[in-house]
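Counting from 1 along the sequence shown, just add 5 to a position and that's the residue number in the working numbering.
The set of hints was computed from the structure by calculation and includes no laboratory data. Hints may contain errors.
Stated by the list, open to error - Within a straight-line C-alpha distance of at most 20 Å, the following computed SDA-like cross-link-like pairs (lysine to any residue) qualify:
id: 1; residue 1: K88; residue 2: R119
id: 2; residue 1: K128; residue 2: A44
id: 3; residue 1: K181; residue 2: P137
id: 4; residue 1: K181; residue 2: R134
id: 5; residue 1: K128; residue 2: D60
id: 6; residue 1: K181; residue 2: A159
id: 7; residue 1: K88; residue 2: L114
id: 8; residue 1: K128; residue 2: S79
id: 9; residue 1: K88; residue 2: E48
id: 10; residue 1: K128; residue 2: I80
id: 11; residue 1: K88; residue 2: A44
id: 12; residue 1: K181; residue 2: A162
id: 13; residue 1: K128; residue 2: R73
id: 14; residue 1: K181; residue 2: L171
id: 15; residue 1: K88; residue 2: A115
id: 16; residue 1: K181; residue 2: R154
id: 17; residue 1: K128; residue 2: E118
id: 18; residue 1: K128; residue 2: N89
id: 19; residue 1: K88; residue 2: P69
id: 20; residue 1: K181; residue 2: K128
id: 21; residue 1: K128; residue 2: E78
id: 22; residue 1: K128; residue 2: R176
id: 23; residue 1: K181; residue 2: P138
id: 24; residue 1: K88; residue 2: D60
id: 25; residue 1: K128; residue 2: D65
id: 26; residue 1: K128; residue 2: R77
id: 27; residue 1: K88; residue 2: Q61
id: 28; residue 1: K88; residue 2: D68
id: 29; residue 1: K88; residue 2: E78
id: 30; residue 1: K88; residue 2: K128
id: 31; residue 1: K128; residue 2: T81
id: 32; residue 1: K181; residue 2: D151
id: 33; residue 1: K128; residue 2: H64
id: 34; residue 1: K128; residue 2: Q61
id: 35; residue 1: K128; residue 2: D37
id: 36; residue 1: K88; residue 2: A51
id: 37; residue 1: K181; residue 2: D170
id: 38; residue 1: K88; residue 2: D65
id: 39; residue 1: K128; residue 2: R154
id: 40; residue 1: K128; residue 2: P69
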Amino acid sequence: MSPAPETPATPATPAGNTTPAAALAELQAQLDQARAALAAVEEARAAEATSRLIDQAAHDAIDPDVVRLLIRESITTTRDAAKNQARALAGQAAAGAAAIAHTAADGGLAAVERAVAELRRRKPFLFTRPAPPPSPAAAAPSAHEDDQRLRDAATRARATGDRRDLLHYLRIRRAK
Numbered sequence: 006m007s008p009a010p011e012t013p014a015t016p017a018t019p020a021g022n023t024t025p026a027a028a029l030a031e032l033q034a035q036l037d038q039a040r041a042a043l044a045a046v047e048e049a050r051a052a053e054a055t056s057r058l059i060d061q062a063a064h065d066a067i068d069p070d071v072v073r074l075l076i077r078e079s080i081t082t083t084r085d086a087a088k089n090q091a092r093a094l095a096g097q098a099a100a101g102a103a104a105i106a107h108t109a110a111d112g113g114l115a116a117v118e119r120a121v122a123e124l125r126r127r128k129p130f131l132f133t134r135p136a137p138p139p140s141p142a143a144a145a146p147s148a149h150e151d152d153q154r155l156r157d158a159a160t161r162a163r164a165t166g167d168r169r170d171l172l173h174y175l176r177i178r179r180a181k
């Protein structure tokens with residue numbers, strides 16, 4: 006331990022009747038309160054960040070509310086299982102158990118990604134599929150190609166005199 010920094014000789018209270026031990030106890034209590042407040046703020050920040058990550062992960066879901074709920078449930082279940090495992094290992098290896106508990110408490114990007122990947126694998130029907138890119142063959146023919154098809158069908162109908170060719174020509178002309 007490093008030596009404690011020097012404290013001012015004057016006590017923190019205006020009365021000046023406190024002993025150094027009482028002043029130290031009061032400062033320790035203030036420090037504990039500050040640590041608790043910091044932990045609460047960090048927990049709230051982590052919860053907000055996790056919520057944003059879950060919202061981003063659920064953006065392509067058919068029902069985003071259901072997907073958010075399932076992701077949160079999966080994260081909570083995984084976290085609880087890891088905490089239980091850490092408690093079981095506490096007697097055997099305290100350091101290893103602490104590492105597992107720290108990993109279990111992580112509700113960040115990795116936990117959300119694992120939960121989303123698992124949800125997509127188990128329930129793909131909850132998510133929309135990206136539309137396949139249009140194929141060039143499925144594209145509508147150009148106006149020039151339409152005119153050429155019409156001319157070819159007319160020429161063929163005149164040349165053959167067949168009713169099927171005439172009907173084919175008439176269908177093309179009607180579609181135009």
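A quick look at each hint next to the structure:
1. K88 to R119: holds, 17 Å
2. K128 to A44: This hinted pair is violated, its Cα atoms lying about 36 Å apart.
3. K181 to P137: Measuring from Cα to Cα gives roughly 28 Å; hence the hint is violated.
4. K181 to R134: violated, 34 Å
5. K128 to D60: Roughly 18 Å separates the two Cα atoms, so the pair holds.
6. K181 to A159: Judged against 20 Å, a Cα distance of about 14 Å means the pair holds.
7. K88 to L114: Distance ~19 Å between K88 and L114 Cα, so the pair holds.
8. K128 to S79: Distance ~13 Å between K128 and S79 Cα, so the pair holds.
9. K88 to E48: Distance of about 17 Å is within 20 Å: holds.
10. K128 to I80: holds, 16 Å
11. K88 to A44: Holds, at roughly 19 Å.
12. K181 to A162: Judged against 20 Å, a Cα distance of about 17 Å means the pair holds.
13. K128 to R73: At roughly 13 Å apart (the allowed maximum being 20 Å), R73 and K128 satisfy the hint.
14. K181 to L171: Given pair K181, L171 holds - Cα atoms ~16 Å apart, limit 20 Å.
15. K88 to A115: holds, 17 Å
16. K181 to R154: Satisfied, since the Cα-Cα distance of roughly 11 Å is no more than 20 Å.
17. K128 to E118: holds, 15 Å
18. K128 to N89: violated, 27 Å
19. K88 to P69: violated, 28 Å
20. K181 to K128: With a Cα-Cα distance of about 45 Å, the restraint between K181 and K128 is violated, given a limit of 20 Å.
21. K128 to E78: holds, 14 Å
22. K128 to R176: violated, 46 Å
23. K181 to P138: violated, 26 Å
24. K88 to D60: violated, 25 Å
25. K128 to D65: With a Cα-Cα distance of about 13 Å, the restraint between K128 and D65 holds, given a limit of 20 Å.
26. K128 to R77: holds, 15 Å
27. K88 to Q61: violated, 27 Å
28. K88 to D68: Cα-Cα ~31 Å, so violated.
29. K88 to E78: Given that 20 Å is the threshold and the Cα spacing comes to 15 Å, the pair holds.
30. K88 to K128: Roughly 26 Å between the alpha carbons, so the hint for K88 and K128 is violated.
31. K128 to T81: holds, 18 Å
32. K181 to D151: holds, 8 Å
33. K128 to H64: The given pair, whose Cα atoms are some 16 Å apart, holds under the 20 Å limit.
34. K128 to Q61: holds, 18 Å
35. K128 to D37: Not OK: K128 and D37 at ~46 Å, beyond 20 Å, violated.
36. K88 to A51: Roughly 18 Å between the alpha carbons, so the hint for K88 and A51 holds.
37. K181 to D170: holds, 17 Å
38. K88 to D65: violated, 31 Å
39. K128 to R154: violated, 47 Å
40. K128 to P69: holds, 13 Å
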